[in-house]
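These protein sequences, in sequence, are chains A and B. Counted from 1, the first sequence has number 183 at position 183 by the numbering used here; the numbering is strictly sequential. Counted from 1, the second sequence has number 103 at position 103 by the numbering used here; the numbering is strictly sequential.
Keep in mind that a hint or two might mislead.
What the hints assert, rightly or not - Within a straight-line C-alpha distance of at most 27 Å, the following computed DSS-like cross-link-like pairs (lysine-lysine) qualify: (1) B/K35 to A/K189; (2) A/K185 to B/K35; (3) A/K211 to B/K35; (4) A/K184 to A/K144; (5) A/K184 to B/K27; (6) B/K27 to A/K189; (7) B/K95 to B/K84; (8) A/K216 to B/K27; (9) B/K126 to B/K110; (10) B/K84 to B/K96; (11) A/K185 to B/K31; (12) B/K31 to A/K211.
In case anyone wonders, no lab produced these hints; they're calculated from the structure.
Listed below, chain by chain, are the residues.
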Amino acid sequence: MIVDKKSRLFLAAFIAFLGIMFTPNAVLGSGHDSKTEEKAAHADQSADNHHANGAQDHDVSTAANQAEGSEAHSADHGSEKFDAGKVIMDHVTNSHGWHIAGDLELPLPVIIYNKTQKKWQVFSSSKFEHGHAAYLGFTAHQGKLTSTTNEEFMDFSLTKNGFSMFIGAALLLIVLLSVARNYKKRGVKSPKGIASFIEPLILFLRDDVIKPGIGKGYEKFLPYLLTLFFFIFFNNLLGLIPIFPGGANLTGSVAITGILALITFIIVTVNGSKDYWMHIIWPPGIPFGLKFLLIPIEIFGMFLKPVVLMIRLFANITAGHIIILGFFSLIFIFSEINEWIGSGVTVFSVAFSIFMSMLELLVAFLQAYVFTLLSSLYIGGARETHEHEESH
Amino acid sequence: MGLLESNWGLPFWMLITFGLVVFVLSKYAWKPILKSLREREDVIDGAILQAEETKLEMEKLKSQNKDLLKEARGERDRILKDAKSTGEKMIAEAKKNASIEGQKVMEQAKAEIEQQTAQAMTELKKEVSSLSISMAEKIIGKKFEDPKEQSIYIEQRLKDLETMPSASKN
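If we strip away everything but chain A, and leave its shape as in the complex, we get (with noise of 0.2 Å):
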């Protein structure tokens, strides 16, 4: 069940992604929080200064010669090569601030509980200076904190994850709230404007997805499901917008998919009915040795389907962010071999971004669908009472 189509690309893409962190040309670098335009710029003035001094072959195979120019250019910019794997890694995972262009950072509220002080530290996220300095005895990597002075602390900060979210949750409630005022005025008449694209998709959900996956008494899970659909749409939308307000993998992370999840898993719990206990508890209608097999695979079984929900979305969405982003690294790894391959390469990887970008298109949608459709699968699953003894 967990490795579905989607997941067996995100294992494709992991491997790709493996692949371009372990080629020769992009030498794993350290530090530095310097962005894809940036690197744009200094490949392509690199290539250039090759080009002009005329110091270094062109055709650089050797990992030596790599080194050399790696040097060369480092001297010259003050930069390091192009790491792919960094910059995914910056682009997918969380961070205290939000890096929008250039130099130009978003500060977010750093807010940590001390343990060993025993108190909270609230502070801007612009004190680290893009992660290269530290704060009150904290450093930032890649939305990771680290005590250097070895204190026991729990990290509450707003992060760029966190912020893209209140910004998704606004856009929701602007949409929805504007679309419930256009209901509340026109009544029963046909719906206008917004309410006529949100409207399809509330029916197909009501109507396909949550009626048939719950059965009788759907309407009290109605809300829930309703708005973990839009909530996890929008949001995979948002992240699928390459500037500012959006591209936060935020449906992508395991803390947003994992709280969704277990939302999901307390409602089912709650709401299970006897048989559903029992079918877990004292499996009918399996022989007595076999019952002894089955519950340990039952208990797991209840415990695995919010960790499918929770990895399935998380992977999905995490994947497509880092096919994309590995499309366009690709530009600047073949430009530090050789501008005229990087710009051919510029082609092939603008179009395969293009592509991927519309099947992002589908799995943000689909994703959100899978999720609200397993999880109404789930509640009905354990509101389900049945006589029958076999056809376990």
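For chain A, the structure is supplied; the task is to place chain B on it using the hints.
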């Protein structure tokens, strides 16, 4: 931070935000939206049902109308036929009456004429006889001394005239 790691902040903010979003949306968005969707469905169902009922009623009315029309037509035909026969009867009667009346008038006229003619004849005879007498007197130059005798004579002559063939009539 790895892909499978998270700080405490994100799930914490997520729980708060998502909880709020679910609360606000279920109260201010899903409730009115789902309510008006249901209402609209009810209205549409009702309208379809009503349309069907109206159709049935229309058909009923149509057949009723047909019957009425048929009845009306029959009535009309009957009335027309009645009127026609009455008219014919009236005309026939009128004709009969008229002819009877005409005959009566004619007969009356005839009788009167005859009567008048007879009267005129008598008068004429009287006149003629007195004239002839006076003429005869003049011719004869003799007067009957006795008027009694004279009138007997005249009577006799008149009788002779009457017995004469009807040459004097025309």
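Hints and how they fare:
no.	hint	verdict
1	B/K35 to A/K189	holds, 13 Å
2	A/K185 to B/K35	holds, 13 Å
3	A/K211 to B/K35	holds, 16 Å
4	A/K184 to A/K144	violated, 46 Å
5	A/K184 to B/K27	holds, 13 Å
6	B/K27 to A/K189	holds, 22 Å
7	B/K95 to B/K84	holds, 16 Å
8	A/K216 to B/K27	holds, 22 Å
9	B/K126 to B/K110	holds, 24 Å
10	B/K84 to B/K96	holds, 18 Å
11	A/K185 to B/K31	holds, 14 Å
12	B/K31 to A/K211	holds, 17 Å
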